[in-house]
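Residue numbers (this note's numbering), protein chains in the order written: chain A, 528 to 1214; chain B, 4 to 320; chain C, 37 to 324.
Each hint should be verified, as a subset may be incorrect.
Stated by the list, open to error - Across the chosen pairs, the derived CB separations fall in these ranges: (1) A/Ser667 - B/Trp309: 44 to 54 Å; (2) A/Asp946 - B/Val134: 53 to 63 Å; (3) A/Tyr599 - C/Ala141: 44 to 54 Å; (4) A/Arg986 - C/Ser209: 16 to 26 Å; (5) C/Asp272 - B/Tyr86: 43 to 53 Å.
What the hints assert, rightly or not - To list a few chain B residues with every Cβ distance to chain C over 10 Å, as calculated: (6) Tyr7; (7) Tyr68; (8) Leu137; (9) Val153; (10) Ser176; (11) Lys280; (12) Ile292; (13) Arg313.
Bear in mind the hints are in silico, worked out from the structure with no lab data behind them.
Ideal placement from N, C-alpha and C gives every residue a C-beta, glycine not left out.
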Amino acid sequence: MTALAPAANQGSDDAGRPALLVEGMDVTYRVRGRDRLALKNVSFEIGRNESYGLVGESGSGKTTVALTLTRYLPRNGRVSAGSIRIDGADPMRMGPAELRDLRAHTVSMVYQEPGKALNPSIRVGRQVAEVYEIAGLGKSDAAERSAEMLRKVQIADPKRVMERYPHELSGGMAQRVVIAMAIAAEPALLILDEPTTALDATVEAEVLDLISSLRAQLNSSVLFISHNLAVIAKMCDRVGVLYAGELVEEGPASQLFAEPRHPYTVGLLRCIPRRGQRKDHGRLDSIPGFLPQPGHTLPGCVFAPRCPITEEQCREAPPPAFVLGDGHTSRCYRHEQTADLPRNTPVDVELRSAAQPGATPVITIRDLSKTFAPRGGPVQALRGVSLAVQRGETLGVVGESGSGKTTLARVLLGLTSPDPGATVELGGHAVAGDAGHRGREQLQAIQIVFQNPDSALNRRHTVRRLISRPLVKLAGLSGARLRERLMDLVRSVRLEERHLALRPRQLSGGLKQRVAIARAFGGGPAIVVCDEPTSALDVSVQAAILNLLADLQAKEQVTYLFISHDLGLVRYLSDRIVVLYLGRVMEVGPAERVFSGPHHPYTEALLSAVPSLDGTRGSRIRLSGEIPSAADPPSGCVFHTRCPRRLSSGICESAEPPLAEAEPGHLISCHIPIDELTSLQGAGTVS
Amino acid sequence: MAIYLLRRLGLAVITLWLLSVIIFFAGQVLPGDPGRAILGPFATQSAVNSLNRQLGVDRPLLTQYWSWISGAVHGNLGISYQYRTPVEPMLASALANSAKLAIFALVLLVPLGIIGGVIAALYVGRPVDRVISLTGLSAATVPEFVSGIVVIVIFADGLKVLPSSANAAPGSSFATQLRYLILPVIPLVFEFFGYIARMARAGTIEALESDYVRTATLKGLRRHVVIVRHVLRNSLLPTITVIATQIGYLIGGLVVVETLFNYPGVGRLIFVAAQNKDFPMLEAGVLTIGAIYMTATLVADLLSTWLNPRLRTAVAP
Amino acid sequence: MTEILVAPLTEAASGELPSWRLLLRRPAFIVGLLILAFWVVCAVFGTSFAPHNPYAQQLLATNQPPSAAHWFGTDQLGRDVFSRVLVGSRSILIVAPLATLLGTALGTALGLALGYLGGVVDAIVGRLVEAVLAVPAVIVAFLFIVAVGASAASEVLVVGFVFTPLIARTVRSAVQVESQLDYLPAARLLGEGRLRVMFVEILPNVMPTVLVEFTVRLGYAIFTLATLAFLGFGVDPSTPSWGSDINANYDVIGAGYWWETLFPALAIASLVIAINLVADSVERVLAG
């Protein structure tokens, strides 16, 4: 790409100068008349053409870094110490004209929600063209260049996309447009703040591939900010780990993830189920405690209160950055002992009796369809789904947005009535379609843990009330027995008695989710639907919740319907997995079989879309195109429009494949014969 | 779009019909005997009865409603009890007078409110914002007759620079008529400035904090370009709906202002009709005001749908 | 398992002041409250410290301009305007809060029902509400007053009923926001009844909206009542009442007797502005 404005690239020939140099930066927010330190003594450097990853949980200050670099901090925020040099220039000392120039030519940014980043009332083409108009191009030239740029971000039909309004684009498409605008001026520094977090897995994979390929063509350095360790591992040369506003560890990506030298990094990596780890193999490790409150100043190491290997020194003085060679640094006095950091959570698993084969299934559904009828015409959210789930079993439900996984859960719960003709049996008895018509026993049979506890818990009620209610309504308890069972329940989700008087907003996210779990278990359910129960939580909290769910299942012999977009979590917790696409079952089978293959091409695509911390993997397939609308599903096999293994015979377009048994208990809905799938996929390449 | 338009129009007609039912039956609750009210206490009962028969008020209620509503649809709103003449010509001339006042008020109000709100939003939390917000809020809750009296006392009575009556001599020039309307318009502007400013402020603040404005700013666009092109376009959409609602309420304000300034508009017409229990006039006036309100909100809805690409394409077939 | 489960005391629990303390930190709230308190004191004790008998007519001293004896002058019947202004807040300060309370209670119940039950009920009642809202509140109010006759009780009922759809509309949209949240399906799954869901689950969460609506509507109740009195639909012309006094005397402004109307007008303005300062502060504090 030719340079837009000569001024912008004068500096880029100066190869010795880093694209970004941050030294000793403090950022302070003034909240209620008090200064709160959001970033403390942060120093890092991004070299020419380097890709630097900044990883951290919510509240770590990673977005504050991005806002500071573009000088877009809210009015109560300021850089209170240190210096910033972007391509040699200090944005903090710039006047309005210089700052505009910096933003136009030197630094640009892409952030999480592509739909919100574009102006809803201006056509996409105009918005992209603006970038070129700032650089002094005329209207028609700018339009020309915009189309060129959109083609570069792999938008097949730029002219048509330019005529559209942002809401007419899918998330992935919108993010491509935003990326196009960001790289149009070929900035020295491109900041990507969680650019794929809001996207579906297969779309995320495409966008990440796009970013990688653009990096190869462009002369830009990248600051990639994410909470997702695997994405950072895939995308970045070097990584910094941010914790409570401090950069606790930094180093080359491969080295840092292989040999982390800070207890926090070690802990984070242990929280994630690795390579086929399953609940029967042992519990995940977790990081105890909570992030320190913003503005709270600890005299020593910020991580000391949660660290399993603290000593006197750690609590007294902040550790300096120990240089470990190869540009790997760690702010930990005991960085040499991190390799064998003691576990916070014992590995032991309470053994449980396996699901009894032959017994009556706890959930039986046959021919379940659900059609919504909004104004635009009927939308079939589920079609012809049949499933059976045994007692004590976990059924993982996998699929992207629009796949119908949440609708499936809502139908089982009675929050949405299925289309006539379906059979829904819970615990061996047919149940009413609407929860309002279900009796106490039917209500008792199935409960749910919602994704977001802030939404699922009534914020005006106390924890005591929230947890007691199912005990009263469903278990029919009162008086001393109620109190006894309440305390039992509180202990079993590892809350404490003193939490009972609090309201949800006084609890952290993890504790709130425990309250929600306690409520779900209060009535003694046979089935608990877990609808993305950890996706609103940080990685370090997620592990503890997963462990809790696994323990409760072992103890109560409850059946889980575990819905998640995170295949790692599904694999960890599930005994069997069902893969949905546009409301149809693509594949169902034992978890290990579904993961090891042979699998449905869609499952294969989902699996290869997931970046892994271990980096390399075997065959990778990518889906192209958009997820079709459920209102207008493709003919034949609904997946054929995106299927990389579509048959040339035309059968995929014309006939819907049956859900056929590939091996005992493992069903796949595909026209490709199973042997062929096996050989195509080279069974076992995906781990 | 056509379907949406029809749907929206249908709803407006239903609402208007409901209003006519409410007004008509509410009118029946009003005590008193129309014939007696017109002829006065000294007329004989038989004269009153025959007048009632002539007016048709001795018929069953549903029949009366039917003849009233079918007449109304054909533009025949009945005979005023008080003036013994058809309602429509009086109503039409009153409407024309009120329209002058309302349009004058809107011409001042809308730009003032929008500019005030946008300025407040651009300086949110600073003194300018507080002054505009608090002034708007206070002015909005002071009844029109209160601010009306204050301006009369100051400008008509004290400084003697403007007439305290709104009625220019018949045949006066446009400028003179306008001069007579200045004082009555002030309370209306006072009353409604705050609402419009508040909406414009809220919309603008929301847009200023949005991601797309950040995108625009980080592109390196000049501040005024960001504001004009990216902020205002989105922030003023909700304000349109508010302005339309205000047109409806403005007419409520006219009752008071027209009474205070002795101005022969529709507000005063309704007020006098209510005082004199002149039902046909009252019902026609209230129905007309309802129809105006409904039309204004309908137009605003369509306008904001048309201006908002998200809605525009969503309702397109 | 050795997880430390000490919840961090969040800001809400530790640093944040209770709402009423935050209110007291707002100058606007303090000023509003002081003015309001002044008028309440006048309404209760006004007759005992007013310099003259507000009812006493002095037909030899009508239309006197403000002087040392009559600070605000006298009216067309020679009554002391200052004394009448002092005690003129009484009826409005009784009627307005009662009417607002009635409107808020009915409106909240209606809004809860419309927002939660939705469907056909919402469609039908919603249309009716729209129809009533198409006519300005003042006109609806005086039509009612003409129909049922003027009395303090009828004023409470009329203003209460007129406000019901307005409050219902606000509460309904707040309930619809709540309806998006998962605690409602969670309650359904526990088999909670509709009434319980509406009043125990949802109502506490929309209370801030209801409270703001009450304070804002209180200002409008005074607005409406004063306007009714000004239009001559007040209770009793001899009872001191700002609106009625203005109604009785505004036709002589032209003759130069401005004090008879200006001072009651300013009194009304001070009261509604005071209530608005309070309402605005409450709204801001509850909004965070």
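Margin query: The output says B/Arg313 does not contact chain C. Does that hold with a beta carbon cutoff of 10 Å?
Written below: At roughly 19 Å from the nearest Cβ of chain C, B/Arg313 sits farther out than 10 Å, so the non-interface label holds.
Next item on the list: Return holds or violated for the Cβ distance of A/Arg986 and C/Ser209 against the range 16 to 26 Å.
Entry: Since the Cβ atoms of A/Arg986 and C/Ser209 sit about 19 Å apart, the hinted range of 16 to 26 Å holds.
Check: Taking 10 Å as the cut and beta carbons as the points, is B/Tyr68 off the interface with chain C?
Finding: The claim stands: B/Tyr68 keeps its Cβ more than 10 Å from every Cβ of chain C (closest is about 15 Å).
Check: Is the nearest Cβ of chain C still more than 10 Å from the Cβ of B/Ile292?
Finding: B/Ile292 not clear of chain C: closest Cβ-Cβ about 6 Å, inside 10 Å.
Checklist line | Beyond 10 Å from every chain C Cβ - status for B/Tyr7 | finding: holds, 17 Å
Notebook entry, point to check: Is it true that A/Asp946 and B/Val134 lie within 53 to 63 Å of each other by Cβ?
Noted result: For B/Val134 against A/Asp946, whose Cβ atoms are near 60 Å apart, the range 53 to 63 Å holds.
Notebook entry, point to check: Can the suggested window of 44 to 54 Å be confirmed for the beta-carbon pair A/Ser667 and B/Trp309?
Noted result: For A/Ser667 and B/Trp309 the Cβ distance comes to about 28 Å; the hint is violated.
Note to self: Verify the CB-CB distance for C/Asp272 and B/Tyr86 against the hinted window 43 to 53 Å.
What the structure shows: Distance hint for C/Asp272, B/Tyr86 is violated at roughly 30 Å.
Margin query: If we take the beta carbon of B/Leu137, is the closest beta carbon in chain C still more than 10 Å away?
Written below: violated, 7 Å
Item checked: Cβ separation of A/Tyr599 and C/Ala141, checked against the hinted range 44 to 54 Å -> holds, 47 Å
Check: Beyond 10 Å from every Cβ of chain C: is that where the Cβ of B/Val153 lies?
Finding: Given that some Cβ of chain C is not farther than 10 Å from that of B/Val153, nearest at about 6 Å, it is violated.
Check: Are all beta-carbon distances from B/Lys280 to chain C longer than 10 Å?
Finding: Non-interface label fails for B/Lys280: nearest chain C Cβ at 7 Å, not farther than 10 Å.
Hint compliance for this structure: hints 1, 5, 8, 9, 11 and 12 are not met, and every other hint is.
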